[in-house]
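Protein chains in written order, with the numbering used here: chain A, 446 to 689; chain B, 34 to 480.
By construction, these hints were calculated from the structure, which means they are not laboratory data.
It should be emphasised that the depicted structure is a prediction, and the values quoted were computed from it without experimental measurement.
Mixed in with the good hints, there may be bad ones.
Taking beta-carbon pairs under 7 Å as the criterion, some of the chain A residues facing chain B (in silico) [as the list claims (entries may be wrong)]:
1. D490
2. L493
3. M543
Beyond 10 Å from chain B on every Cβ pair, some chain A residues (computed) [to be verified]:
4. S596
5. E633
6. L687
Note that the Cβ used here is the ideal one computed from N, Cα and C, for glycine as well.
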Amino acid sequence: MKDPVLILGGRSDIGLAIAHAFAAEGHPIQLAARNAQGLEVQGKDLSLRHRVEVSLHEFDALAPDSHEAFVTGLEPRPGVVVCAVGLLGDQQEDERDMAAAIRVMRTNFEGPASVLGHLANRFAAEGEGVIVGISSVAGDRGRGSNYIYGSAKAGFTAYLAGLRNRLAGDGVHVLTVKPGFVATAMTEGLDLPAPLTAQPEELGAAVLRAVAKRRNVIYTRPVWRLIMGVIRAIPEPVFKKLSI
Amino acid sequence: MSRPLSGWGRYPKIAPETLARPRSDAAVAEAMAKGPLIARGNGRSYGDSALSEGQVLDMTAFRHILSFDPQTGLVEAEAGVLLGDLIAAFLPLGFFPFVTPGTKLVTLGGAIAADVHGKNHLRDGSFGHHVAWIEIMTAEGEVLRCTRASNSGLFQQTIGGMGLTGVILRAGLTLRPVETGWIAQDMRPARDLAEAMAIFEEAAADADGPTYSVAWFDCLGQGAALGRSLVMLGDHARLEQLTPRRRARPFVTPEKRRLNVPLDAPGFALNRYTLRAFNGLYYRAGARKAGPSLVDWDSYFYPLDAIANWNRIYGRRGFAQFQCVLPLAEARPGLEELLAAISEAGQGSFLAVLKRLGPDTTAHSFPMEGYTLALDFPVTPAALALLDRLDKITLDHGGRFYLAKDSRLTAQTLHAADPRLATLAETRRSEGWDARFASAQSRRLQL
Numbered sequence: 446m447k448d449p450v451l452i453l454g455g456r457s458d459i460g461l462a463i464a465h466a467f468a469a470e471g472h473p474i475q476l477a478a479r480n481a482q483g484l485e486v487q488g489k490d491l492s493l494r495h496r497v498e499v500s501l502h503e504f505d506a507l508a509p510d511s512h513e514a515f516v517t518g519l520e521p522r523p524g525v526v527v528c529a530v531g532l533l534g535d536q537q538e539d540e541r542d543m544a545a546a547i548r549v550m551r552t553n554f555e556g557p558a559s560v561l562g563h564l565a566n567r568f569a570a571e572g573e574g575v576i577v578g579i580s581s582v583a584g585d586r587g588r589g590s591n592y593i594y595g596s597a598k599a600g601f602t603a604y605l606a607g608l609r610n611r612l613a614g615d616g617v618h619v620l621t622v623k624p625g626f627v628a629t630a631m632t633e634g635l636d637l638p639a640p641l642t643a644q645p646e647e648l649g650a651a652v653l654r655a656v657a658k659r660r661n662v663i664y665t666r667p668v669w670r671l672i673m674g675v676i677r678a679i680p681e682p683v684f685k686k687l688s689i
Numbered sequence: 034m035s036r037p038l039s040g041w042g043r044y045p046k047i048a049p050e051t052l053a054r055p056r057s058d059a060a061v062a063e064a065m066a067k068g069p070l071i072a073r074g075n076g077r078s079y080g081d082s083a084l085s086e087g088q089v090l091d092m093t094a095f096r097h098i099l100s101f102d103p104q105t106g107l108v109e110a111e112a113g114v115l116l117g118d119l120i121a122a123f124l125p126l127g128f129f130p131f132v133t134p135g136t137k138l139v140t141l142g143g144a145i146a147a148d149v150h151g152k153n154h155l156r157d158g159s160f161g162h163h164v165a166w167i168e169i170m171t172a173e174g175e176v177l178r179c180t181r182a183s184n185s186g187l188f189q190q191t192i193g194g195m196g197l198t199g200v201i202l203r204a205g206l207t208l209r210p211v212e213t214g215w216i217a218q219d220m221r222p223a224r225d226l227a228e229a230m231a232i233f234e235e236a237a238a239d240a241d242g243p244t245y246s247v248a249w250f251d252c253l254g255q256g257a258a259l260g261r262s263l264v265m266l267g268d269h270a271r272l273e274q275l276t277p278r279r280r281a282r283p284f285v286t287p288e289k290r291r292l293n294v295p296l297d298a299p300g301f302a303l304n305r306y307t308l309r310a311f312n313g314l315y316y317r318a319g320a321r322k323a324g325p326s327l328v329d330w331d332s333y334f335y336p337l338d339a340i341a342n343w344n345r346i347y348g349r350r351g352f353a354q355f356q357c358v359l360p361l362a363e364a365r366p367g368l369e370e371l372l373a374a375i376s377e378a379g380q381g382s383f384l385a386v387l388k389r390l391g392p393d394t395t396a397h398s399f400p401m402e403g404y405t406l407a408l409d410f411p412v413t414p415a416a417l418a419l420l421d422r423l424d425k426i427t428l429d430h431g432g433r434f435y436l437a438k439d440s441r442l443t444a445q446t447l448h449a450a451d452p453r454l455a456t457l458a459e460t461r462r463s464e465g466w467d468a469r470f471a472s473a474q475s476r477r478l479q480l
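One chain only, chain A, in its complex shape (with noise of 0.2 Å):
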């Protein structure tokens, strides 16, 4: 039997386009977030589509504190987790209330940053295990559009380039994902452009195949590793009064 993977953030469209990436391949899933039995449609749509076990699991990325009890109390192990919990804010308002802008700020950053710290310690106490970051390229370079959010992922990107550093000797794989627009309820009713926005189905395959191949980072869609590439290249004095 294949290895459960363990989906932090089970609502998301990209959490469940790589849940259903992985249970075509015949992977348990193990769907965890905050109401999950208001999940079930999802997890029942899961198991019959793949013919998979989904079991799902209560979990709150701005409960720090339960982190622990929830990792040892996974059952059976996951061999893969995907953090796929985020939230994109908005903005404007979370410049002006700096409670909103925590709670953007805790949960891409905090949250994901404490859940897989204790993830990584059983995998690397086990010796093995996948551990997946669904980061952004808006951490590449703090923007004036959406730095907030950018600023959380930027930590988020660190952590997880850290993470796999330490653990790359312990038998321990981690993979950063860096996606562009994807189109998903979080971008819904942003006019997004059609070439460098990707369905979470794309996303779904790109990880599957980033995994197998013990990747390190992908750019999804790749054309965002150039655009980022350009974008980090542009001196701050010049940067600092693009509108971007």
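Given chain A, work out where chain B should sit, using these hints.
The following block gives chain B in isolation, referenced to the frame of chain A:
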């Protein structure tokens, strides 16, 4: 204003004022409160059935399979689930849809709304015959479960109701048990219309005859070649018909190579000469394969699904599909007249398809006992003029038209051909459905 949408024929293209993609029943009700809307599935109806200048409701987020009972074959699913999803999930368990159109990329909701038929209408009726229940968001904004026994009026009206009776949210569909993923096909070349119809009638008269029958038709043939066709009879293959190697894995069929049409073909690519040459080649290639063979389900039912965006071969202007059914007694003279008009105009198509339909018991679905002819034309002034002529011939022979294919009929022609639709229009007015559910097609055709 949203970007323009179109059906599979890419004609017409209409930008809806609002395009909403609800993820819950509540969101559907919310959209309804904002004004009249039409639900849209995967955009596989050909014309303007799922288009509107007003509000279009993209139902593709309703994509979950809810339950399956292998004892009864009953699958329960949300309206945006594709037939192809059901096949992928349940063929490995030995189940296949009782009724399927020529593409697996239609949604459950769309298949019910258009009450689609397949190559087995004579044996198994239309799609709606296998629907156990439908959950509908009614004009009043309530979720109502409809079956043949309870709320049966709304149930019957919704089957073939083109989304004009409410928004289909979820449904229960009974699947057919099959022993394999293969079809035992018998390919019979026919030199003309009379020969093709004789093969159909022979099959129809035999109660143990083939489940599926369909003919590909050369509507550009001249003289003796007018109506030459390949009649394909088929049945779900039984386990013992497979080779021992395949018998071990009866539902595994070869992965098909996927092709794509990346660009719109230029307007001059399709003309009577290229089409005549293509049709001649197709006929001869098919005639060489005459006789029995085993064909995998995907190639048998969905040959065009292997070519993504095949609708682009008709160029940027798009195409109009014509599909009528003629009552049995009038089929022969009516088809001859239709074919003569098409051949004379030289406006042929790749795919002219002839099927034998069985008796109809629905409220207002397309099929009736007789023969149905379907073909497509690039949208040109000459083709549109020919289509008007074909409408007239159909009407003269007591035939009717398939709304899922239509983009251009007049209200007058439609209502003259099918008096049942006046009843639908009347009910819509008296129940107030017309204020909630409307498509570009329903406005054009005064439904």
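Once the shortest beta carbon distance from M543 (chain A) to chain B is found, is it less than 7 Å?
30 Å, violated
Status of the hint placing L493 (chain A) at chain B (closest C-beta pair under 7 Å)
5 Å, holds
Closest CB-CB distance from E633 (chain A) to chain B, is it above 10 Å?
With a cut-off of 10 Å, E633 (chain A) comes too close to chain B, as the shortest Cβ separation is near 7 Å.
Mind verifying the non-interface call on L687 (chain A)? Its CB should be farther than 10 Å from each CB in chain B.
28 Å, holds
Could you check if D490 (chain A) really has its C-beta closer than 7 Å to a C-beta on chain B?
4 Å, holds
Taking the minimum C-beta separation from S596 (chain A) to chain B, is that value above 10 Å?
Check passes; 29 Å lies beyond 10 Å.
Going through the hint list in order, the structure does not satisfy hints 3 and 5.
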